[in-house]
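Q: Sequence:
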Amino acid sequence: MDDGKTREIVAPSSGVHVTLPKYYSPGSMGLLDPDTSDGRVIFFLPWLGNAIAGTTDKQAPVSADPIPQEEEIQVRPHTPAALTEQWILDEVRNYLSPDIQVRRGDVLSAWSGLRPLVMNPKAKNTESLVRNHLIDISPDGLLTIAGGKWTTYRAMAAETIDAAVKAYDLEPKRACVTEHLKLFGSHAWRKNLFVQLIQQYGLETEVAKHLTDTCVLRS
Numbered sequence: 001m002d003d004g005k006t007r008e009i010v011a012p013s014s015g016v017h018v019t020l021p022k023y024y025s026p027g028s029m030g031l032l033d034p035d036t037s038d039g040r041v042i043f044f045l046p047w048l049g050n051a052i053a054g055t056t057d058k059q060a061p062v063s064a065d066p067i068p069q070e071e072e073i074q075v076r077p078h079t080p081a082a083l084t085e086q087w088i089l090d091e092v093r094n095y096l097s098p099d100i101q102v103r104r105g106d107v108l109s110a111w112s113g114l115r116p117l118v119m120n121p122k123a124k125n126t127e128s129l130v131r132n133h134l135i136d137i138s139p140d141g142l143l144t145i146a147g148g149k150w151t152t153y154r155a156m157a158a159e160t161i162d163a164a165v166k167a168y169d170l171e172p173k174r175a176c177v178t179e180h181l182k183l184f185g186s187h188a189w190r191k192n193l194f195v196q197l198i199q200q201y202g203l204e205t206e207v208a209k210h211l212t213d214t215c216v217l218r219s
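Counted the way the working numbering counts, the sequence shown spans residues 1 to 219.
Dumping the calculated DSSO-like pairs for lysine-lysine here, alpha-carbon to alpha-carbon at most 27 angstroms:
no.: 1; residue 1: 58; residue 2: 149
no.: 2; residue 1: 122; residue 2: 5
no.: 3; residue 1: 149; residue 2: 124
no.: 4; residue 1: 191; residue 2: 209
no.: 5; residue 1: 182; residue 2: 209
no.: 6; residue 1: 182; residue 2: 149
no.: 7; residue 1: 124; residue 2: 58
no.: 8; residue 1: 166; residue 2: 149
FRET-style restraints, in silico, Cβ to Cβ:
no.: 9; residue 1: 149; residue 2: 104; range: 25 to 33 angstroms
no.: 10; residue 1: 108; residue 2: 186; range: 25 to 33 angstroms
no.: 11; residue 1: 144; residue 2: 198; range: 41 to 49 angstroms
no.: 12; residue 1: 35; residue 2: 3; range: 35 to 43 angstroms
In short, the hints are calculated from the structure, not lab data.
Note that the Cβ used here is the ideal one computed from N, Cα and C, for glycine as well.
I would like the entire structure built from these sequences, with the hints used as guidance.
A: Here is the structure:
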């Protein structure tokens with residue numbers, strides 16, 4: 001609406017993660033490698049008693065409930081066609097002992113998400129996409145923030161406001177407070193909340209602690 005000739009700067013990309021048995025990743029150590037067979041990133045992380053591995057990076061249409069495609073999970077033979085995609089299990093085997101079989105049956109679950117890769121409208125290379133967020137101010141003064149991800153939303157908000165303050169000569173009445181704001185639903189959290197869940201709702205201890213610990217992590 002600011003400039004009808006402006007190109008779209010957001011390109012949705014599908015990222016798939018799989019859950020594997022905990023022996024795929026030590027409980028106290030994770031691994032991230034940006035130098036895979038096709039140059040994309042792969043990681044292993046201990047997660048809730050198991051391990052997660054990912055991720056693919058593939059152009060995808062926007063949908064409310066993206067579903068991981070089997071071709072992004074399954075081990076494939078090294079054919080020219082297969083080399084154009086990142087196969088999670090096929091990459092995983094490169095980091096394990098040769099005598100360990102990486103099996104499709106080891107996948108406990110899989111899920112897919114959409115990340116908004118973004119292109120800098122001022123960049124000379126208009127085909128280059130970045131994973132982090134981007135803040136841009138048009139010649140007419142429209143401030144745009146695009147890209148990013150859920151886990152950086154606080155930083156994105158703070159940087160956007162800082163950019164607006166600088167661009168429009170605003171006079172804020174206080175410093176940024178986002179890091180002190182709790183997410184909705186976390187205000188009543190306390191260390192022994194899991195005990196109340198067990199007594200009031202009959203939950204198993206492991207389930208109750210998982211629920212309360214997750215509340216803390218997301219706050």
